[in-house]
Amino acid sequence: MSEPSHPRDGDFELVTLRNGHRAVRHLGHGEVMHPAVGPWQEALRLYVDQPGLADRLRKPGPPLVIHDVGLGAATNAVAALTRARELGPDRARDLHIVSFEVDLAPLRLALADAEGFPFLQPFREACERLMKHGAWSEPGIQWTLKLGDAVPFLEPDAKLPPADLVFFDPFSPASNPDMWTEAVLARVRRHCREDAEGALLMTYSAATPTRVTLLLAGFYVGAGASTGTKGETTVASTRYETLTAPLGTRWLERWERSSSRAPHGGTLTPEVERRLRTHPQWR
73 MSEPSHPRDG
83 DFELVTLRNG
93 HRAVRHLGHG
103 EVMHPAVGPW
113 QEALRLYVDQ
123 PGLADRLRKP
133 GPPLVIHDVG
143 LGAATNAVAA
153 LTRARELGPD
163 RARDLHIVSF
173 EVDLAPLRLA
183 LADAEGFPFL
193 QPFREACERL
203 MKHGAWSEPG
213 IQWTLKLGDA
223 VPFLEPDAKL
233 PPADLVFFDP
243 FSPASNPDMW
253 TEAVLARVRR
263 HCREDAEGAL
273 LMTYSAATPT
283 RVTLLLAGFY
293 VGAGASTGTK
303 GETTVASTRY
313 ETLTAPLGTR
323 WLERWERSSS
333 RAPHGGTLTP
343 EVERRLRTHP
353 QWR
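Residue numbers (our numbering): 73 to 355.
If you're looking for bench data, these hints aren't it; they were derived computationally from the structure. Model, not experiment: these values are computed from the prediction. Each residue gets a CB set at the ideal place from its N, CA and C atoms; glycine is no exception. Please note: incorrect hints may appear among the correct ones.
[Stated by the list, open to error] Simulated restraints, written as ranges between beta carbons of each label pair:
{"hint": "1", "residue 1": "343", "residue 2": "127", "range": "37 to 47 Å"}
{"hint": "2", "residue 1": "224", "residue 2": "79", "range": "46 to 56 Å"}
{"hint": "3", "residue 1": "347", "residue 2": "101", "range": "23 to 33 Å"}
{"hint": "4", "residue 1": "160", "residue 2": "332", "range": "45 to 55 Å"}
{"hint": "5", "residue 1": "124", "residue 2": "79", "range": "13 to 23 Å"}
{"hint": "6", "residue 1": "79", "residue 2": "210", "range": "25 to 35 Å"}
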């Protein structure tokens with residue numbers, strides 16, 4: 073990363089990646105949001121186009137709900153809003169995005185750098201209203217914000233519309249371990265749709281502990297699209313048949329030989345081993 077200009081806001085600063093894209097970096101642990109191909113391309117490739125958001129919105133039905141876990145600089149959410157708006161009259165159902173975020177500094181920084189984050193500008197007013205009032209809408213599109221620690225908002229009795237898609241994009245397990253535990257991912261799973269096609273969760277991590285934790289949390293798990301520097305990401309689903317590249321017994325065999333077999337935030341107990349080996353994914 074080059075070092076020409078580093079505006080700061082609280083615990084965050086803007087940086088320029090080697091490929092020229094602007095991105096947000098956490099000052100404490102140093103992690104960069106969307107560091108591979110730049111924020112916009114990663115958002116489109118991983119979270120919006122991979123689950124076929126445009127095609128889903130072309131099909132009549134109830135509002136399509138996205139749980140955007142880790143709003144950050146709003147890149148993933150705005151990528152979804154952009155796809156929805158691009159459809160115009162071809163959009164046959166409404167879109168409702170529920171974003172979860174503990175700190176709005178990344179979004180403030182990105183909005184202040186119109187040249188570095190031009191994709192945000194068509195939704196500048198939406199972002200500003202979201203930060204100020206916690207909600208924004210236009211005909212057929214609704215965007216709401218859950219500001220604060222995401223975990224209480226994901227309590228089993230929380231009043232959340234069931235998700236069709238989950239953009240799971242918090243900081244990494246090393247930097248934000250509390251968000252990657254089985255307990256939290258099980259809460260995410262409970263707020264997913266069970267009817268129709270169920271729900272898909274997309275995340276950038278392809279680490280073995282991530283996939284173990286998703287399986288233990290009740291998801292079926294598969295390989296996801298490459299971000300450019302990573303060969304794979306991860307897609308999880310409430311229904312096995314909706315996965316394009318489900319993990320198979322070869323992955324299970326590799327897990328048996330792996331040195332990273334435990335779930336995030338947990339230990340490898342005989343019960344954990346039993347639950348993973350008997351998961352319906354392998355049947």
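Open item on the list: Within 46 to 56 Å: is that where the Cβ-Cβ distance between residue 224 and residue 79 falls?
Closed with: Distance hint for residue 224, residue 79 is violated at roughly 31 Å.
TODO: May I ask you to test the hint 23 to 33 Å on the CB atoms belonging to residue 347 and residue 101?
DONE: 31 Å, holds
Open item on the list: Taking 37 to 47 Å as the stated bounds, is the beta-carbon spacing between residue 343 and residue 127 within them?
Closed with: 40 Å, holds
TODO: Go ahead and decide if the range 25 to 35 Å is satisfied by the Cβ distance of residue 79 to residue 210.
DONE: 29 Å, holds
TODO: Look at the Cβ atoms of residue 160 and residue 332 and judge whether their distance stays inside 45 to 55 Å.
DONE: Given range 45 to 55 Å: holds, Cβ gap about 46 Å.
Open item on the list: For the hint 13 to 23 Å, verify it against the beta carbon of residue 124 and that of residue 79.
Closed with: The hint (13 to 23 Å, Cβ to Cβ) is violated, given that residue 124 and residue 79 are roughly 36 Å apart.
Violated hints, listed in ascending order, are 2, 5; each of the other numbered hints is respected by the structure.
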